[in-house]
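Undergrad: These are the residues of each chain, in order.
2 protein chains.
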Amino acid sequence: MNGAESLVRTLTDCGVDTCFANPGTSEMHFVAALDSVPGMRPILCLFEGVVTGAADGYGRILEKPAVTLLHLGPGMGNGLANLHNARRAGTPLINVVGDHATYHLQYDAPLTSDLEGFARPVSHWMKTSKSSKTVAGDGALAVQAAMRAPGQIATLLLPADTAWDEATGPARPLTIAAPAQIADGLAGIVADKLRTAERPAILIRGKALQAEGLEHASRIAAKTGARILCDTFAPRLRRGAGVPAVERLPYFAEQIVDFLGETDLLILVGSTAPVSFFAYPDKPSDCVPEKCDVMHLAHPHEDGVQALEELAEATGASGVKPTLVALALPDFATGQLGQSSIGQALARLLPDNAVIVDEAATNGLAPGFLTATAKPHDHLALTGGSIGMGLPVAVGAAVAAPDRKVVCLHGDGGAMYTLQSLWTMARENLDVTTVIFANRSYAILNIELGRVGAGVGGPKALSTLDIGNPNLNWVSLAEGMGVEATAARTAEEFNVQLESALATQGPRLIEAIL
Amino acid sequence: MNGAESLVRTLTDCGVDTCFANPGTSEMHFVAALDSVPGMRPILCLFEGVVTGAADGYGRILEKPAVTLLHLGPGMGNGLANLHNARRAGTPLINVVGDHATYHLQYDAPLTSDLEGFARPVSHWMKTSKSSKTVAGDGALAVQAAMRAPGQIATLLLPADTAWDEATGPARPLTIAAPAQIADGLAGIVADKLRTAERPAILIRGKALQAEGLEHASRIAAKTGARILCDTFAPRLRRGAGVPAVERLPYFAEQIVDFLGETDLLILVGSTAPVSFFAYPDKPSDCVPEKCDVMHLAHPHEDGVQALEELAEATGASGVKPTLVALALPDFATGQLGQSSIGQALARLLPDNAVIVDEAATNGLAPGFLTATAKPHDHLALTGGSIGMGLPVAVGAAVAAPDRKVVCLHGDGGAMYTLQSLWTMARENLDVTTVIFANRSYAILNIELGRVGAGVGGPKALSTLDIGNPNLNWVSLAEGMGVEATAARTAEEFNVQLESALATQGPRLIEAIL
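Residue numbers (the numbering used here), protein chains in the order written: chain U, 1 to 514; chain S, 1 to 514.
Simulated from the structure, these hints should not be mistaken for lab results.
Some hints could be false.
Same chains, same names: a pair is fine if it fits in one copy or spans any two.
[As the list claims (entries may be wrong)] Once the Cα atoms are required to be at most 25 angstroms apart in a straight line, the calculated DSS-like pairs of lysine-lysine come out as:
hint: 1; residue 1: Lys-127; residue 2: Lys-321
hint: 2; residue 1: Lys-133; residue 2: Lys-283
hint: 3; residue 1: Lys-283; residue 2: Lys-130
As the structure is a prediction and not an experimental result, all values here were calculated from the model.
Bound conformation, chain U alone (with noise of 0.2 angstroms):
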């Protein structure tokens, strides 16, 4: 038993059991050892972006980490986009980064590189095995790291020969923390706070946006007033009929002041106290009312599920009975194709259960609007800011969740970013569509330039805004990769669409002309 068979073994033994590789040279013994050793599934990706983005989505669906496979310094570097919104997102994830063999690194050959440099910015947890010997151990300290509450970012960095040199036998599976609980008498504290707000928020994020948590904070709601709020990029939510309703902060600084208007008190559950995306001149950062007291009822790492149920309990609301959504479908639209046309046939067609990934940007709005007492789903959001998100988690979660329908939807702007992964979902027949949002554009950028008060922009600024000349051909580009595609220009070509893509199992993409 090699070092890479060593820790292929002992991922496997701690319930690591799926591998999205993009590999090269010296990471051959790994894949290798994907053979000689039973129970890991390797999905290639054609670009790094593409593997770290569906470990992401994996994670999330799952919450436990997919490893990814990256090839030295380099393919880090291309994964590192995609982990930054893993990271933000709370995802357990493993990296496994090949490197040269030990004593190669002297050589400075062309692919050398500062590896722990490039794998610094986005890991929790770091290291570099030094032995064949020791390869299995970091292993199940890498999954260990992964692990811990809400989840993190693992990246385990071995060189060549310690995977191809002999190693001694896999490692033993560590003890998984769990999230760790909140103080005693907290949520007494806090329901105490509560009962002499006039105005209070619960804003929650993590496990607690399933539907366990959202049931206690709903019983919380209905006995104290409470309103429930999430981040506009949560990283997954349950929502939709038979779940609690939620409301979503929005994009904007001056949106979110105006939101949260009046509000005395805000309770944080997992979250942290909202602030602007970004910076703009003569705009507040902070974006908490001046007036409105913030406290922490549990923090991301800690069990926001128990903390908002024992807040139950000491505000006296645990046999109160949660407010459920009830399940309202809009009818299809007809004539113009647009965010909201688009918001009423996936509402009114979405199946049971399925998974929304939404990159959708500027045209999310509506859809996400409409969806709210759609059949319930899952909603997962880019939390990281960094575009080229949402068609790698939709491959991740399409993995992590066969049995249900993913559907991405996407602004043209971002699915450029990582659009190989179109070809993962044909060669894996994903059950995953796909909804392009043709706008042609940054679209928020145009917002942005003014808002930032840098003008209306001239002819220069504006072509570095403006993705058309030429059109992408989205139809063209996802045939080229494998997956059938359509586009619809009118309400009633999109309802049409959406209906048969649905309807049938495997990838499939729909690119709305707006």
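Position chain S against the provided structure of chain U, taking the given hints into account.
TA: Frame of chain U, contents of chain S only:
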């Protein structure tokens, strides 16, 4: 004049007039300054790996920096792989990376990251501007740093408020240092050594691989019997008819050892001693023959052309006529399509003074051999080993040299990394003919799997090396981005398609189905 305007004005005053861009909100003032300050051409790329690769290609051709415009840590992250290649190429290049406003960082908004951490591994020079008053001066420093021989990566991190706050004015251009001269007398010492060596060789890299340096080298070779060599992956090599021939080092370590054979003196001019690209169990990393002396005539930051001229003088070769390659064009091939038939057509049809961007990987051997006696051209190679450089470098080369035909030879695996390049070729109507070698495989890895001793590969391993199933359709992909494309399955088809593409101005793609 705000900080961004003072920076753009300083850059243009320094002769930096081309900006490959993929901006976001934090760069909007820089974008607006492209209109308020004359003289900077923005070129939009739909992914940052295209931005940085294009700046590499531009810098290799013009020997001056383009500026990249990147968005925060993740935008920098997406550009790192091609910055790694540019760093290995010794390309002058300036990154301008927007960051959150200085006062906004404390709020840890979703896109906040360790931006300096992202930038550091690939940057020779890095600075975070602290104020709108110093941005212009920092810009001038960045140009000076980028122009340090042989060419450096200079990264200027630009917090949004330093762009939008008021500046005093532009900064004066700084002195650009000429490459260092080699020590007095060194050429004489090397010349003495050359006289007593039985099988000497001169390994050249950098500017000395253009006509003037090669002519000096050829004189020395004629006088002393030294072989003239270049690295497997030279940033830029002048070759073809009318240029002295250079032998290119082979790729694999044991081939290099064989190739150098009984070489007893290796003189380095702008290069380093040859090493194995990767480590392999039981194969040498150091490829210099055991009894071979290695002498540095010129380090990479020194003037290799001048050094060769001094060595020519010291060896009494100054008056010798250099041996120039005679034009010899192969016939067109017929029948099966393969790297040889492609190489024949390319060598036969290559226009005068073309630029070949070569990421053909395993399919590059025959085209490289066959074009050695074609019309004179520049050859740009994959210097850092990070695949996905070819298409972007072709973009940059075509922007830098609008009057020259650029031919991009690309493996299908690598081309998928940065296929967004094709869109920029279409938008800017760049004169690039791309040939995709569609073997549907990471073919090199099938070789490397065995070479590293990992066996022949089981089904899982082989699934990660095979990029067929489904096959990519490059005609669809190119057309989806507005580039005219055809597929060739025979030599005859390829010959006709290449002739048509090279006879036309503007982007074309040929998918060579192997």
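Undergrad: Now look at each hint and say whether the structure bears it out.
TA: Hint by hint, here is what the structure shows:
When the C-alpha separation of Lys-127 and Lys-321 is checked against a cutoff of 25 angstroms, the pair qualifies neither within a copy, at 48 angstroms, nor between copies, at 57 angstroms. For a Cα distance limit of 25 angstroms, the shortest separation of Lys-133 from Lys-283 across copies, 22 angstroms, qualifies, whereas the shortest one inside one copy, 55 angstroms, does not. For the homomeric pair Lys-283 and Lys-130, the shortest alpha-carbon distance between copies (20 angstroms) is at most 25 angstroms, but the shortest distance inside one copy (50 angstroms) is not.
Figure legend: structure checked against the earlier numbered hints; the only hint not met is number 1.
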